[in-house]
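Asks: Residues per chain, in single letters:
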Amino acid sequence: MISKESVKYSLNNLKNRKRRSAFTIISIFVGITTIFIFVSFGLGLYSYIDEYISGGSVDKVIIQSKGTSLSGMDDTFAFTEDELEAIEATSGVYEASGVYFKSAEVVQGKKRIYTLIFGYDPKKPLIMDTFNIGIEKGRDLNDGDSSAVLGYNYLSDNKIFPKGYSVGERIEIQEEKVKIIGFYEEIGSPQDDAQIYVTNDFMRDLYGENISYNWIVARVDIEDIDRVVENIEKNLRKERGLEEGKEDFFVQSFADMMETYTVVLDMVIGFIILIALISVLVSAVNTANTMITSVLERIKEIGIMKSVGARNSYILGIFLFESSFLGFIAGIIGCAVGWLISYSGALILDNIGYGFLQPGFPVSLFAGCIIFAVLTGAISGIAPAINAMRINPVEALRYE
Amino acid sequence: MNYFRFAFRNLRKKGVRSWLTLLGIFIGILAVVSLITLGNAMKVAVTSQFGAGNTEVITIQAGGLQYGPPGSFVTKPLTTEDAEAIKRISSVEFAVGRNIKTGKFEYNGILEIGSAISVPEGYEREVYEILDDVEIEYGRLLESGDSGKVVLGYNFYDGKTNSFGKDIVPGRTVLINDEKFEVAGILKKKGSLLYDWTVFIYEDELNELMGNDGDSVDMIEAKIKSKDLMDRAEEEIEKLMRQRRNVDAGEEDFSVTTPEATLETVNSVLGAIQAFIIIIASISILVGSIGIVNTMTTSVLERTKEIGIMKSVGARNSQIFSQFFIESGFLGLVGGIFGAFFGILIGYIGTLAINNWLGSGIGFQIDYILIFFTLIGSFLIGAIAGITPAMQAAKQNPVEALRG
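Keeping their order, the protein sequence lines are chains A and B. Numbered according to this note's numbering, the first sequence spans residues 1 to 400. Numbered according to this note's numbering, the second sequence spans residues 1 to 404.
Hints in this document: simulated from the structure, not taken from any laboratory. Quick caveat: nothing in here was measured; it's all calculated off a predicted structure. Heads up, the beta-carbon is just placed ideally off N, CA and C, and yes, glycines get one too. Any given hint could be a false lead.
25 Å max Cα-Cα, derived SDA-like pairs, lysine to any residue [to be verified]:
1. A:Lys246 with B:Asp167
2. B:Lys104 with A:Glu243
3. A:Lys163 with B:Lys104
4. B:Lys180 with A:Leu349
Coverage of chain B stretches by chain A, computed from C-beta distances (three or more under 8 Å per stretch; other residues unrestricted) [to be verified]:
5. 16–30
6. 94–103
7. 113–119
8. 280–292
9. 295–305
Short derived list, chain A residues pointing at chain B, Cβ under 8 Å [as the list claims (entries may be wrong)]:
10. Lys18
11. Arg19
12. Phe23
13. Gly31
14. Thr34
15. Lys110
16. Leu116
17. Met257
18. Thr260
19. Thr262
20. Ser279
21. Ala288
22. Thr290
Please build the complete structure, drawing on both the sequences and the hints.
Replies: Quick look at the structure:
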């Protein structure tokens, strides 16, 4: 259907109508660029999630209390030591440990900030096993440490406080001077990189003996996870004296919890791409317009080609090739410009502390965008190409 | 006027191509108008979530992470004495401490977790009329001397939507943290999840239920004597609280906010999101205008002979330019009219959907200013896109043009 000659002929035609071809290409590439940018950031976010959720998360189950604020933050129905033991004694649970979240007041000189302080048990660091965060400087917490490991941003000047900290220095947390023993690697969001990590024992020193656990994390028998979850629910209900259906807590596997985040991310990115698709739709209309004009202009030419024996399929092929080729060029430019914008945007985001918002550039993204552009061109060329094919050679030759 | 008639005739004659060009601008304008309309409706919906509409109330909260309801994440809570002290400030009419706590609510054997807010005894009228701006739908509000009674937000009422499977009407008994309470009344719908899903309960009873010491409060609300005194009152409250909590200026471990400030923060975040979406949607208008340039260029080429004739019978360059300029503006305008119309239609349907989803009651308003600027804008976009083709047309040499 498409021969070497017809390709040459089409390319010549596009070259002769430089301005119009250029406009068509611009209109497609703008839309492709927008889509490229958002998909690349979306892919980056997915791989970020994958990277930080370690293989250690598959056999973890999280027990949270119900509440009215962000998951686990409301400690009205938080868990006691007895409840932790009841969970640990459940069949199918290998081990369990409690986690604290509290608001911490941190002071340097005249500056006061509030941040999240995170307590866990270094003997059973189940919660830390689920994330891939390494130590940047110093060391991790050990049992019995009355000191803190800080988030990455405390290392630098003017990020959280005017002056950065280093290992061995003391930092004022909740009106106590706490020794710093280490820093975590950069997570890439200002909130996470400002967190403070301490042992559960030290958490009770800071906030009082009777504080309760916000989360309980359990390592369970993964083969039989549904039954284990049921057993945990049953035991905790018994411990709290609750009837079935009236729980003030819920049990969720770590994988399920992460899935809810991914679903939200899917929705946001899907919505943005949907809006960006509107511009692709408009550019498809433009392309159709260009091709219709092109067919009208070349009516006589088509008549001549037909009268010397060109088949309908040949004519169809020429016009389809032209519009797809426009799409192809637009796709390449769209990817190039999109890459440039995503890349420089990521540098800016990294600079202002949102390092987790990094785009991903897999080959499939480039290929997908180019194929999509070609398809857009091809589809918008179908109707004009069929028009061209149906031209009656006799009338066409007479056409003025 | 002749220009317009001529332009319109030309557009009609060109048929399919004009319509396709229009479609480009149409889709772009449609997207922008509907997104702005929906964004505004969302703004109203979110703003109404923040409840109280009284602009003379200042809220004081202790410093802490803002991850939940007021007071849930503070390191050093406010106290009832703080409220007493604020009350003594001359510009303050009255001040009360309020607690917002999470608890269990049970009815018809079904349990839900939700929030309860305290009503200070002796301040019932002030709380209803001034601080919370609430009215009663069924039954009555809490009255001095009541004990074991609560007032519920509107969403508790309807058995079909309240998740308890049965209507809750005044006189019924409900369990809050396993204690029995009688429902005194149901409030009017406020369109705010905060208020419509909240239990209003006397302070002492709430403290007893939640094991609160009765001394600390989650927030203090102060009614200022008049609107003109707001700034002064804000400063005075800040100064007093600094003294009471023994901190220097610039090191506050508490916050004093006016309703305007809260709304401003919310609106600026929503505005930024809206602007972002509209920029992306505007790309399609840009693409649509490229389509106009394209169509107009072709149109000039097609009418080369016509232009030659017009020139040879004495048409000036400026007249030829205006002809094409206006024709192209017209393309934009017609696309804009259709786009605005259908955009508003989509906005209307979307608003109904938001109301349905949030259970809010946002009234739909046509933004005439938006329509006006959209139409002007679409004409201008068309006209600007037509500048180069129009200049080309005007520059044609009549002799060559006649030769075709």
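Asks: Which numbered conditions among the earlier hints are violated in the structure presented, ordered from lowest to highest?
Replies: 3, 4, 10, 17, 18, 19
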